[in-house]
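Chemist: Residue strings, one per chain:
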Amino acid sequence: MRIERLFRGVAAAFLCLLAAASQIIISAAADVTLTDAGGRTVQISDASRILSVGGDITEIIYALGADARLVGVDSTSQFPAKALKDKANVGYMRALSIEGVISVGATLILASERAGPPEVVKTLKTTSVPYVEIPDQYSPQGIAAKVRLVARAIGAEAEGEQVVRQVEADFKALADGVKRIKQPAKVLFVLAAQNGRATVGGQGTSAHAILELAGATNTAAAVAGFKPLTDEAIIELAPEVIITMRRSSGNDGHDTNQLLTMKGVQSTPAGAANRLVVMDGLYLLSFGPRAPRAALDLMRQIYPELGGEPAGSHTGATK
Amino acid sequence: MTAAVPIAARAREGGRLASPHALVAVSALALLVAAFLSVSIGPTGITLASLPRVLAAIASGQHDAATAREQLVLLDIRLPRLLLGAFVGAALAVSGAMMQGMFRNPLADPALIGVSSGAALAAIATIALGNGLAGPVTKAFGVYALPFAAFLGGVSTTLVLVLMVGRSGQLSVSTLLLAGIAVGALSGALTGLISYASDDRELRDLTLWMLGSLSGASWPKVLAVLPFALLIALALPGLVRALNGLLLGEAEAFHLGIDVDRAKRIIVLVTAAAVGAAVAVAGVVGFVGIVIPHLIRLVAGPDHRVVLPGSALLGATLVLLADLLARMLLRPAELPLGVVMALIGAPVFLHMVVKRGVGGG
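As given, the protein sequences belong to chains P and L, one line each in that order. For what it's worth, our numbering labels the leading residue of the first sequence as 1, then goes sequentially. For what it's worth, our numbering labels the leading residue of the second sequence as 320, then goes sequentially.
Note that these hints are calculated values from the structure, not bench results. Being a predicted model, the structure only gives us computed values, none of them experimental.
Computed spacing ranges between beta-carbons, pair by pair:
(1) P:A81 to L:V672: 38 to 48 angstroms
(2) P:R152 to L:V667: 44 to 54 angstroms
(3) P:E113 to L:I663: 33 to 43 angstroms
(4) L:Q381 to P:Q137: 40 to 50 angstroms
Ideal placement from N, C-alpha and C gives every residue a C-beta, glycine not left out.
Could you put the whole structure together from the sequences, leaning on the hints where they help?
Modeler: What follows is the structure, given as structure tokens:
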């Protein structure tokens, strides 16, 4: 009798302890503490309503299958196209409004380190809603770090590792392709051609990074940033291939025609051989999880002799 | 300077639509309404009805998450934004009125004394060089580097201009006008040079800054502009007589016993400080400085006893209403303030001008 009571008492105490422990474990699992790109320690307890500020971040959240938890995006979130249709749009990522951001009622804000203006970002960091700055580096490691941080912040680490593995496999395929390049091609990236002036991508741009990844040499590497160049300067750069962007509107005929009528472009090796590659600018320059496939597609466009089918859904056409 | 004639002519005609007192009273009422709307409407849907709850929470020191959010929106976002918007509108409209009075030209605005172009140059220099050459400086000032630089750039440009033009001992208005145009062109060229060298993100930042916005409003900024608001409030009463005298001509003002040169220097410096502070906190907000003083003159005549306070009240009202639309039209995104202001203000002004025939004959 006594032993039975003692046993029951011990069992009850044990159960209580177990319940308490599981409570601790559950709350520990819900609470994520991480260090963001700005070096801040951020504690996240609720990732059920996410605001994404940055096209690459939105893309990652969709890739992680967590888009149901996404309540708002910024205007650079162009891929997938349904993001801007389905979610609230807080405007351009560098012109955020504090009350606008608060009004979407997010419990977690994931924002590119390039978000702004600085005063608004500073205030948002002081509110009770966790604000995580996501790094934006144009490199394979940068993309993996970006995916891992987003995945950790929203508690989707298993899915995150899956995406990272896919990204790494794609980079491996890209590296295998790049290895077969005998002679790197001299390529010029033209962002826009208007009024006979071509704006080209120089050092430090996402265009420069994707050209390097695709195993090409950026002929405009001496220029910093996106800069307009004159006809003469383009002759001087002597690109063998010219890459230009297809607009999201799908009307790429205008810029391409403008480019081909430019005397400078006509007299380059690329113009003479008619080596003009048109690709989706968003696909090429967003540096989300699709970047290695975009680079591979670009590589296959630049080096058609290497063969291979386009890796992604967005293919370009050599004219 | 012949363009001043219609203003003076109208003064003699005494043609006006409303009594000065009525106009000032109506403007004050409009400002009150605009201020009320500005603090009770916003993209979060929080209204003034939450205010008692917020105040009770502050008094008792107990905050739940919902009241904390309401407090943040009402007291730390909308209230500083309201105060800053009112200051920017009042400062720009009053400065415009003073410039038009001093230059005796209905098209004069603070840009003529170099303050806007100097501020823009300093702002783009901060945006473009902030990550490079000027890195340590921008780091030290943090988010206030840009407003601080814009203010210094604007005020110092005007100071240099006044020192150069006034070297002969007299501040000649026509020399000031021409020198101001030259300095503006020079600042514009340097701004163009730096913007050519900046990347597309910096350019985008600059473009947005040039269109003006109150989205960065905060209490530190309100405190920073407070001395300038006091400066304007204290300086204006003393300038009314001088500006009314200048309306008749400099010689006439002199014969009225006004120290014209001293008055002009004070007008220029007060304008530079007021506009410099406004541009620093809100970027470039055009339109108010030209339109509001003219609106007041159209309705109540050119007497600066009415034009100055009327401009301050109506300028503040216009900026608050434009800002309200700027944050509500595309919510949760925000439109640039300058765009909204011109979109709603220009048609109204056009209508008034055509109907009343300002500056015509």
